[in-house]
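Undergrad: In case you want the letters, here they are:
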Amino acid sequence: DQQVKQNSPSLSVQEGRISILNCDYTNSMFDYFLWYKKYPAEGPTFLISISSIKDKNEDGRFTVFLNKSAKHLSLHIVPSQPGDSAVYFCAAGSGGSNYKLTFGKGTLLTVNP
Amino acid sequence: DSGVTQTPKHLITATGQRVTLRCSPRSGDLSVYWYQQSLDQGLQFLIQYYNGEERAKGNILERFSAQQFPDLHSELNLSSLELGDSALYFCASSVTPLNTEAFFGQGTRLTVV
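First to last, the sequence lines map onto chains A and B.
If you're matching positions, the first sequence starts at 1 in the working numbering and goes up one per residue.
If you're matching positions, the second sequence starts at 114 in the working numbering and goes up one per residue.
Keep in mind the hints are simulated off the structure, nothing from the lab.
A few of these clues could be false.
[As the list claims (entries may be wrong)] Covered by chain B, per the in silico footprint, the following chain A stretches (three or more residues, Cβ under 8 Å):
no.: 1; stretch: 38-52
no.: 2; stretch: 107-113
[Claimed, not checked] Here are a few chain A residues that face chain B, going by a calculated C-beta distance under 8 Å:
no.: 3; residue: 29
no.: 4; residue: 32
no.: 5; residue: 100
Cβ atoms here follow ideal geometry from the backbone N, Cα and C, with glycine treated the same way.
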């Protein structure tokens, strides 16, 4: 049972446009959500997080939106840059389990110059 | 460079064999996590140690074991290897036992032939 789903295996956008990566979850106990970015041959790198008490968190070009009723979160990258091309993983955890993280399968973002 | 060091980077071994993967956490980090990423899969949480003690267990097979030593480095032991154990194994570390912003190593790619 996949508790965290990233239904789009890949996404391609033009440089300067907005990239929107989506993530759905099924476990209502999740109260903390993170996005990681992964380049080939490297480990995942933490990008941005949001707790369930908020519905938006912003860090520079990256914004994460959380819709708890829909059990959906999204990562917006504006403007997209070629260096953003990577695999993006959505992860979720709950304080009740020491925030043991459950990851989605990832979305490959390609930003074309 | 995340500061988390994993060795070896690549490992090829035969079925039935036993291997040990090593992880050195970032300086000052007390918590170590192990993840497995199989082909087309998200990262699967295996096990977490905090300051030498097992803290949380995920989908870790009985053929797998781990430990964290007094100097805080960790080893993941995989035995009776099967073809399906071929995967990327990531180690991550964080200061606290709350896995909210863990830093990942580059991973060890294990190939079982």
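Undergrad: Each hint needs a verdict: does it hold in this structure or not?
TA: Tested hints:
{"no.": "1", "hint": "38-52", "result": "holds (count 7)"}
{"no.": "2", "hint": "107-113", "result": "violated (count 0)"}
{"no.": "3", "hint": "29", "result": "violated, 15 Å"}
{"no.": "4", "hint": "32", "result": "holds, 6 Å"}
{"no.": "5", "hint": "100", "result": "holds, 5 Å"}
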